[in-house]
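Could you build all of it, start to finish, from the sequences and the hints given here?
Sequences listed follow chains A and B, in order. Residue numbering for the first sequence follows the working numbering, starting at 1 and increasing by one per position. Residue numbering for the second sequence follows the working numbering, starting at 1001 and increasing by one per position.
Hint data in this document are derived by calculation from the structure and do not stem from the laboratory. The reader is advised that the hints may include incorrect statements.
As the list claims (entries may be wrong) - Straight line, CA to CA, 20 Å or less: simulated EDC-like cross-link-like pairs of lysine to aspartate or glutamate:
{"no.": "1", "chain 1": "A", "residue 1": "36", "chain 2": "A", "residue 2": "257"}
{"no.": "2", "chain 1": "B", "residue 1": "1187", "chain 2": "B", "residue 2": "1260"}
{"no.": "3", "chain 1": "B", "residue 1": "1141", "chain 2": "A", "residue 2": "213"}
{"no.": "4", "chain 1": "B", "residue 1": "1309", "chain 2": "A", "residue 2": "148"}
{"no.": "5", "chain 1": "A", "residue 1": "306", "chain 2": "A", "residue 2": "323"}
{"no.": "6", "chain 1": "A", "residue 1": "43", "chain 2": "A", "residue 2": "257"}
Said to hold, decoys possible - Coverage of chain B stretches by chain A, computed from C-beta distances (three or more under 8 Å per stretch; other residues unrestricted):
{"no.": "7", "region": "1273-1282"}
{"no.": "8", "region": "1313-1319"}
Bear in mind that the values here come from a model prediction, so they are computed numbers and not experimental data. Cβ atoms here follow ideal geometry from the backbone N, Cα and C, with glycine treated the same way.
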Amino acid sequence: MMILSGDPPRSRVLTLILVVIILALAATPFLFPGAKALNVAAKICVFAALVASYDLLLGYTGSVSFAHTMFYGIGSYAIAIALYAMGPNWGAVATGIVIGLPLAALLALAIGLFSLRVAAIFFAMITLAVASAFQVLASQLSWLTGGEDGRSFQLPELLRPGTVLISKNLVGFEINGRTLTYYLVFAVSALMILGLLRVVNSPFGRVLQAIRENRFRAEALGFRTVFHLTYANCLAALVAASAGILNALWLRYAGPDTSLSFSIMLDILLMVVIGGMGTIYGAIIGATIFILAQNYLQSLMGVASKAAAEAGLPLLPGLLHPDRWLLWLGLLFIASVYFFPTGVVGRLRSGGGDKSPSASH
Amino acid sequence: MTELAATDPLPKPKRDLAPILLPIALALVVIPLIGSTSSWLTLTAASLAMGMMIFIMASGLTLVFGLMDVLNFGHGAFIAVGAYVATLVLAPFAASMQADSLWMNLAVLAPAALLSMAVSGALGLVVERVLILPVYGQHLKQILMTTGGLIVAEQALYALWGPQIIPLPLPASLRGSFIIGDVAIAKYRVLATLIGLAVFIAIQLVLNRSKLGLLIRAGVENREMVEALGYRIRRLFLGVFMTGSALAGLGGVMWALYREQVHASMSDDLTVLIFIVVIIGGLGSIGGCFIGAILVAMVANYGGFLVPKLALVSNILLMVAILMWRPRGLYAVTSR
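Structure (structure tokens):
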């Protein structure tokens, strides 16, 4: 209870699903050998934290930001550029963190002060504009960022796949630098999600929800709403930048496609809405569903597309083509905003799960 | 408040001229910086053409927001749909497009543009009914729904037309430039400017000289009051939404011809540009949208010529500067 900040999942099914996801993630290096499974698991960890930080903005304050990938990208690029320029040592990792995180927070502060004073819609438009400018900037300043190619770099000795920490014949499986990196990603992501859970259940988090429900009233009660919103924006940016750092460390690469593109922003939106806005747990569920779908649904669709093509059906092969998986997720997204705006988590909490006394929302 | 006698004419609203002078001043200021008059003229003509195209695309968005407080994040989809639909007509008639006769070219171009407008207008009807009506009045859900619509539309375009870039060459008679002295002005830009001006004048006439426009303007000012007077503002809104979508489709065709290619991702870049224009102009203001579009195009063209490095972020800088001056955009229409 303490570790969940008094905000348990409040549904048996949900608890079960979460436990299964977390256990599976924790045991991935041993249960599912192979690079692909580990990559998928690491991506789920990183995105769970990233989406949870976005949930702090979207679900708890009700402001739509389109600049979240920008902060994610700042984290990624900071660590990548530092490790690229200074060589694979821990000093470079520290430099990347020390430069990346404050930069993200400062930018979030500036955007917040500039545009959070006005309606949510204005904030959404301005973040979209700033994020797209940043994306262009990152791809144009190729002396720094490597342009469209991005930056590949070496990790410090300890985290390299070649570093064998415990050899295979000692415990039955090898624990190498790659495994260690995975657990680093896993642990830091888990810590950030627990931290966000703490934030949203603090008095500060309650004020954010009050602002979401009725900003005018919250202001009338004496809360400086701009301060609270900007603070939340900075916190979310910090977590997003940290997630970016983890992602870059895992991929040993930072580039526009993996850390800055607008499609990642849309992915985050899909994940948070499908998982459930304003729950934090929804981030874990949403990220898991989405990334599993991204990695495994596509091959399923490929089979279906081929079958449809062989059956001679018109149009269907194109619609079921593996590259069109986002079409179906987009439809799912619209349907979920419309039919169950509280997402999977809200659905599980309201029906099916146990009706433990829940805090009123 | 001054007392008015019943016979006095109503006081005219004050004309706010400062925003109109802004693009003119900008154009004059850069003359010495650019140095040569001929390149200045070429750049100015390019800015006007680009601005007009952006205006055509953005006008629907700003009206829809002003009238019903609905911001359509999927507006860019109509642009892409318009461009793709145009290829349906232009591709089979490629031969008459390449014939060197203005009338033959226009005989193909005009139906293509009209078909694009019809299809994107019809799509607007569907989007309004399916995506916007259910979440009416809820900003957050509107943004999410219309963004979802954008994803689906973009993917559907990929599914129907394939992911490759479709080339869309300009018709033969519109290629090349008018050369006056040592100034070269591309023919297509002249056409784009003319169409843009025509659209602007048409919108202004409808808004300011017709009963329909009166109702729309009244709806922007105070929606409940118009409803209380017995007008179905929902239907009015649907009409404006469809018109805006159709205009976006027209803009899409023009932009595709300008760039001579069609791609589903064109909607992403243009959405950002349109948003900046709408913010600069003041949400809901057609005049502001017009000036904003020209300003954005000018900054892009002049900036690209003078300081290419700065061109990347020039739009953002322009937006910041304008919002510092007038936090609600050039013309603040709504109190929202």
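Check your understanding: Which numbered hints does this structure break?
Key -> none
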